[in-house]
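Peer 1: Sequence order for the protein chains is A and B.
The first sequence begins at 1 in this note's numbering and counts up by one.
The second sequence begins at 1 in this note's numbering and counts up by one.
Keep in mind that the hints were calculated from the coordinates and are not lab data.
All values derive from a computational prediction rather than experimental measurement.
Every residue, glycine too, gets a C-beta built ideally from N, C-alpha and C.
Be a bit skeptical, because a hint or two may be false.
[Stated by the list, open to error] Derived DSS-like pairs (lysine-lysine); straight-line CA-CA distance at most 30 Å:
(1) A:Lys96 with A:Lys76
(2) B:Lys261 with A:Lys76
(3) A:Lys37 with B:Lys116
[Stated by the list, open to error] One side of the interface only, derived from the structure: several residues of chain A facing chain B at Cβ under 8 Å:
(4) Leu12
(5) Val64
(6) Ser85
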Amino acid sequence: MHAERLFTLKSLSIMFLLCFLLTAEEAIHLVRSHPNKLEDSRTIAFHPNCLPLEATGRILRCPVPGYGDMNFICSKEGCWAKEPSNGLFITASEAKLLDNHFKVVNEEHVK
Amino acid sequence: MIPASKSDREPEKDQKARQRPFWLPTSLRYFLFAILGLTIVSLGYSLVARILGFGLPYSFSYPFIPGAFFSDFSEFRLRFPDFGTPQFFNHIGYLMYPAAMTLAIEAFYATPHPLKIFFLFLVIIGMFFTGCLYHILRKGGLSLGPAALLTAAILITSYPYLVLLLRWNTEVFIWLTVTLGLWTFYRRQYVWAAIWIGLAAALKLYPIIFFGLFLPRRRYLDIALGVFIAIAITVVALRTLSPNIVYAFHWNSVQLQAFGKYYAAAPHNLGYDHSLLGLVKFATLPWHPDLTSALRPFTWFIAVACLVLYFGRIWKMPIFNQILSLSVLSVSIAPVSYDYTLLSLYAALTILCVAALHTSEDEQSNLTPFFLLFAAILTPLNFIILHGAVFGAQLRALLLIALLVMTLRRPIRTEGDIA
Numbered sequence: 001m002h003a004e005r006l007f008t009l010k011s012l013s014i015m016f017l018l019c020f021l022l023t024a025e026e027a028i029h030l031v032r033s034h035p036n037k038l039e040d041s042r043t044i045a046f047h048p049n050c051l052p053l054e055a056t057g058r059i060l061r062c063p064v065p066g067y068g069d070m071n072f073i074c075s076k077e078g079c080w081a082k083e084p085s086n087g088l089f090i091t092a093s094e095a096k097l098l099d100n101h102f103k104v105v106n107e108e109h110v111k
Numbered sequence: 001m002i003p004a005s006k007s008d009r010e011p012e013k014d015q016k017a018r019q020r021p022f023w024l025p026t027s028l029r030y031f032l033f034a035i036l037g038l039t040i041v042s043l044g045y046s047l048v049a050r051i052l053g054f055g056l057p058y059s060f061s062y063p064f065i066p067g068a069f070f071s072d073f074s075e076f077r078l079r080f081p082d083f084g085t086p087q088f089f090n091h092i093g094y095l096m097y098p099a100a101m102t103l104a105i106e107a108f109y110a111t112p113h114p115l116k117i118f119f120l121f122l123v124i125i126g127m128f129f130t131g132c133l134y135h136i137l138r139k140g141g142l143s144l145g146p147a148a149l150l151t152a153a154i155l156i157t158s159y160p161y162l163v164l165l166l167r168w169n170t171e172v173f174i175w176l177t178v179t180l181g182l183w184t185f186y187r188r189q190y191v192w193a194a195i196w197i198g199l200a201a202a203l204k205l206y207p208i209i210f211f212g213l214f215l216p217r218r219r220y221l222d223i224a225l226g227v228f229i230a231i232a233i234t235v236v237a238l239r240t241l242s243p244n245i246v247y248a249f250h251w252n253s254v255q256l257q258a259f260g261k262y263y264a265a266a267p268h269n270l271g272y273d274h275s276l277l278g279l280v281k282f283a284t285l286p287w288h289p290d291l292t293s294a295l296r297p298f299t300w301f302i303a304v305a306c307l308v309l310y311f312g313r314i315w316k317m318p319i320f321n322q323i324l325s326l327s328v329l330s331v332s333i334a335p336v337s338y339d340y341t342l343l344s345l346y347a348a349l350t351i352l353c354v355a356a357l358h359t360s361e362d363e364q365s366n367l368t369p370f371f372l373l374f375a376a377i378l379t380p381l382n383f384i385i386l387h388g389a390v391f392g393a394q395l396r397a398l399l400l401i402a403l404l405v406m407t408l409r410r411p412i413r414t415e416g417d418i419a
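The shape of chain A in the complex, shown without the other chains (with noise of 0.2 Å):
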């Protein structure tokens, strides 16, 4: 019976209304932003508006339209997303990811 005079058609849509106002509004901010263009020019010398994060200046704190800064991982082929959860920790593994990562985008360079 609580349920019921709590969670009421009523107080129900408003939070549905609430949560589909809230959706348009980010679906709407990640459509203006384009958040998914790459700054293709940045490499680990050549990085304008980032911060090094460490000494050698792997890891960059760069601006992503729309959403503020984040990690990437660089090298002198380009930058990509760091994963966050190695704080600032480069597994060998995430390097490899990083090579294979621009050898595509030199193939398709290329064609």
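Fit chain B to the given chain A structure using the hints.
Peer 2: Chain B only, in chain A's frame:
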């Protein structure tokens, strides 16, 4: 044991409750409140973090990798124009899927606009299942308003579906085949169930676990049919890839092994990997160990644990408990299981909704914990952040274990058992 069939012995107060304009069983009211509440918290949290300039991962409710949106399908755009030619095998990068999946992908790349058509397909499948759920709820006795509200709420709060839409992952094929397989099984259309599950097993291997539903009912011929379908589609796919089937098979094996080499042991994307191994990776994160050597023993341990659970407990349970426990295992036991795989849980959720509609108000409290766990598992949980990284998936893994334990301890009888 919870009797879940509507009958003439239905208490008078339940009959009166059903006649109200906004009748929704108590457990479903809790579920609706929980999915909406948790999603509002997630989206509100991201919005505030975005306004305050906290940056990522705080400012977005879903997994975020710039350049990776839509990439799980669009990354094939260079390789698939060469489908059926030797050049197909020479591209850089891996195609880490069973051979049968190449047929499903090629079905889209063979069209003039593969990306647009695949996106349309993702949307249509979402709408199709939403429509099916609405139809099932209406058939179960819900009036138009509550059925529409519940269905729409499940759609807009569906975290795995939104992750699928953001990544364009081929998991949509698994979602389609597994859901149709489980629902047809629940409706006792065993031949169709075997065909759908056979298809799913060809596309991903892990759905093979659902053949465990047929064993207690002695549907051996249906298992044989499903296995035959899986093997036949794989052979057709290999032959389509190359006239030299052995070469295509070896190439495909190397691709699948690459997944184990690069992803299975690494803590990549831990924020949306809810696998049981993900929990081990999370627990060992401070030491950054290479878990590659632990993969094989872990896989054996999981396989033995699944067999013990299956023959010791699942075998004897009612159909709903069997479907839910095998669904939970199918999305947890792989070394890596990203959050879009949770779509395979919606078939069990639908059956639970049907059970709720047929359960008296006095017994709704038995179903509420199931619904609350479903609600937490299927909403974003992006606010679980430690040291700048999202670990919502690890909480989800714990919730999946809780759901499995509860499923094995609380038998729930549904229409499927009574019939």
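Peer 1: Run every hint past the structure and note whether it holds.
Peer 2: Taking the hints in turn, this is what the structure says about them:
no. : hint                  : verdict
1   : A:Lys96 with A:Lys76  : holds, 14 Å
2   : B:Lys261 with A:Lys76 : holds, 24 Å
3   : A:Lys37 with B:Lys116 : holds, 19 Å
4   : Leu12                 : holds, 6 Å
5   : Val64                 : holds, 6 Å
6   : Ser85                 : holds, 4 Å
Going down the numbered hints, you'll see the structure goes against none, and every one checks out.
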